[in-house]
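On the provided structure of chain F, position chain C with the ligands as indicated by the hints.
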Amino acid sequence: MLTAILVMVGIAVVIGLVLGWSAIRFKVEGNPLAEKIDAILPQTQCGQCGFPGCRPYAEAIAKGEADINQCPPGGEEGVKKLADLLGVEPKSLDETHGTPKPKSVAFIDEQTCIGCTLCIQACPVDAIAGAAKQMHTIIAAECTGCELCLPPCPVDCISMVPIAEDLPHWKWKHPVIEIKPVELKRVA
Amino acid sequence: MSRELFKFKGGIHPPGHKAESTGRLVHPAPLPKKLVIPLRQHIGNPARPVVNVGERVLKGQLIAAADGAISAAVHASSSGIVSAIGPACVPHISGLPDECITIETDGRDEWIAHGPLDYQALAPADLLARLRDMGLAGLGGAVFPSAVKLDPGAALVCPTLIINGGECEPWITCDDMLMRTQADAILQGVAIMRHLLGSSEILIGIEDNKPEAIAAMQAAAAKLDFAVETVSLPTRYPGGGAKQMIETLTGKQVPSGKLSTDIGIQVFNVGTAHALARAVHHGEPLISRLVTVTGHVLRAQNVEVLIGTPFDTLIQLAGDRDGTTGVLMGGPMMGLPIPDTSVPVVKATNCILVKSAELFPPPPKALPCIRCTRCADACPAELQPQELFRFAKSDDFGRAQEYHLFDCIECGCCSYVCPSHIPLVDFYRYAKSEIWARERDKRAADLARERHEFRLFRQEREKTEKAEKLAAKAQAKRAELAAAPTDASSSGASEADAKKALIAAALARAQAKKAETTPQNTDNLSPDTQHEIAEIEARRAKIREQARKPLESEETP
Ligand code: SF4
Ligand code: SF4
Ligand code: SF4
Ligand code: SF4
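One line per chain: the protein sequences are F and C, in this order. Residue 188, in our numbering, is where the first sequence stops; the numbers in between run on with no holes. Residue 1557, in our numbering, is where the second sequence stops; the numbers in between run on with no holes.
No wet-lab data here; the hints were simulated from the structure. Cβ atoms here follow ideal geometry from the backbone N, Cα and C, with glycine treated the same way. Please note: incorrect hints may appear among the correct ones.
[Said to hold, decoys possible] Cross-link-like lysine to any residue pairs, in silico, SDA-like; alpha carbons within 25 Å at most:
| hint | chain 1 | residue 1 | chain 2 | residue 2 |
| --- | --- | --- | --- | --- |
| 1 | F | Lys173 | C | Lys1466 |
| 2 | C | Lys1432 | C | Ser1394 |
| 3 | C | Lys1466 | F | Gly130 |
| 4 | C | Lys1442 | F | Gly20 |
| 5 | C | Lys1393 | F | Asp84 |
| 6 | F | Lys80 | F | Glu35 |
| 7 | F | Lys173 | C | Ala1185 |
| 8 | F | Lys173 | C | Arg1056 |
| 9 | C | Lys1442 | F | Pro152 |
| 10 | C | Lys1223 | C | Pro1116 |
| 11 | F | Lys36 | C | Arg1438 |
| 12 | C | Lys1393 | F | Gly130 |
| 13 | F | Lys80 | C | Ala1445 |
| 14 | F | Lys173 | C | Ser1433 |
| 15 | C | Lys1034 | C | Pro1361 |
| 16 | C | Lys1365 | C | Pro1419 |
| 17 | F | Lys27 | F | Ala62 |
| 18 | C | Lys1469 | F | Lys80 |
| 19 | F | Lys173 | C | Pro1361 |
| 20 | F | Lys103 | C | Asp1396 |
| 21 | F | Lys171 | C | Ile1093 |
| 22 | F | Lys173 | C | Pro1116 |
| 23 | F | Lys36 | C | Asp1446 |
| 24 | F | Lys101 | F | Pro152 |
| 25 | C | Lys1442 | F | Val105 |
[As the list claims (entries may be wrong)] A short list of chain F residues far from chain C (calculated; beta carbon distances all over 12 Å):
| hint | residue |
| --- | --- |
| 26 | Val13 |
| 27 | Leu41 |
| 28 | Leu86 |
| 29 | Ser92 |
| 30 | Gly115 |
| 31 | Gln121 |
| 32 | Gln134 |
| 33 | His174 |
Chain F on its own, in the form it takes in the complex (with noise of 0.2 Å):
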């Protein structure tokens, strides 16, 4: 009776220690929580959610401060994502945060700029390329079209561009099965 104790306390005891350091070795940085929302988020950071870029939103959704539809940049598919991640209902985009919109890069009219810098300031990923007093210009790859830049500009340059589909970015589109034969069609 006495040696069974002892061995199940022993056992105890072990595996204490074990989960105990390997709770202080493997700690996880972090909140792993946020990070996977961050991941789905489309990181425009354009801040239409209310919060200062994507990483605060997410944050904010994995504490449950937030609701899961207010990017308009990531859509209803976004909303979906989260909602399977998160094991809930998914719900409609909520429209006072704004509405998708097609993906559009910034263009400044090189002529018109000042070279203010002011729009350097707000781009919240640096593309912008310029200096004080110099023609800026916007280096599309970087872009991510979040149109933060729009407002600070003093004699309103900057324009979005919609991104026009060329052959590398080109994309099948969802059959239609037809419904009519086209045998109909063409008697008609």
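Just chain C with the ligands now, kept in the frame of chain F:
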């Protein structure tokens, strides 16, 4: 022939329609007035133009160089003047334009200086670099840059080399005709591949509906000083698919997500072997290929076509007919509809198939899937097409990938047998391109996250740097003051005194600056201007007064 053959799962037996285009001799197509040569004819990075508009180029001259590890060069197919570099229509189902170099030909077809390469004397790396600059890419349809495939890499040797003469797709006969007429040149190319890959076993797989090609290849192989086995394969679509041919010949299956080289096998198309021989033994880059022009035309035939020749020219050569309902690039199973027939022939163009309502009746109306699993029985990749269809249709791409969507070779067997006539392959292509687009978006998002985080880090760093600099400056000032007027504050220089002195010094500095920067244009004014200024000042004072009023009235109640 004693070789034991294996059977891949699935497959179908569509009508061959090969005889239509094998009755005429292969001959060169006429030189067009204008050649439009796309820069993206291969898988990988598009080539980078190295000529300018207005420049005269010679036949075989490099006009765009390979860019990056997976890329192939592009050459002028004939002599002439470069008239444009920019977007032009290319053979693609979308009809979208892509970067091209347009050459107005001068009719002289003048070659650039070229000669054979002594490939055995060259180091393998040099030879591969030369081949890359020759623009070689797989001519079987995938157009993967050949120089990359000819590098055995870390394995150093690739024991088995398979030359694919399957040509299982109906209507197409360009490989058949090439084997009949150029068997020796193909085997010269095979010898170079053997040299580079160090292969000990070389197999040529040809479907048994091409007896002339088999005979020609066997006769040519008998003359070689190394062993090449020409194997006649049972005709069954898609027996010419690389994975299916590997399985038929060796019984081995390429594992999902792996390359055939991982199991020690490399596969090349016969056309690629021929192009390789032309490149090495004649110094001719890849500027032409055999194209089958067939279907609803008067004289179906195979022509030797310069890359960049418009489809129209070839269809006219073969005799266009009324009642054309469309043009496919490739065969009826895997070919892609081309909306605009003015597009040029590219390295991937093996067949131009002109459709008519009699030859290709429009597909009947699609019905819902009845889950009969006939598609699964026909699928050579051993997939579950009905499940893939279900997931692709409902945009459930994660599940589609779990069901090995990317193992689908888009052979079309499933659509062919489906009693509900569902265009299954269109759904798989749609799902694949959506998944690729998503991966692209994900990469862009990762980049944006990284840049945003770096920006936050930079702002933080700048803030601390600024604070440190200010602190250091203040420290230095204090030390200076503490050192100089020790006698003035003999009663123990307190911190407050030092600060007061600092402020006083700063004030003095500011005052001095102000005095310095009094506007220069206020001296020596005429009485008129003086008067004007006074008026303006008065107006300003009034406005200031008015601006203050509402504030006060707000405060008073
Ligand atoms: S709205 Fe979406 S993209 Fe914009 S900052 Fe918020 S989470 Fe990021
Ligand atoms: S350039 Fe303008 S639109 Fe583009 S990421 Fe920067 S701030 Fe946003
Ligand atoms: S063959 Fe057609 S109907 Fe039958 S299971 Fe496949 S997709 Fe469904
Ligand atoms: S197209 Fe894909 S799913 Fe259909 S039979 Fe061919 S490999 Fe299988």
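Violated hints - listed by number, lowest first | Violated hints: 1, 4, 7, 8, 9, 12, 15, 18, 22, 27, 31, 33; rest satisfied.
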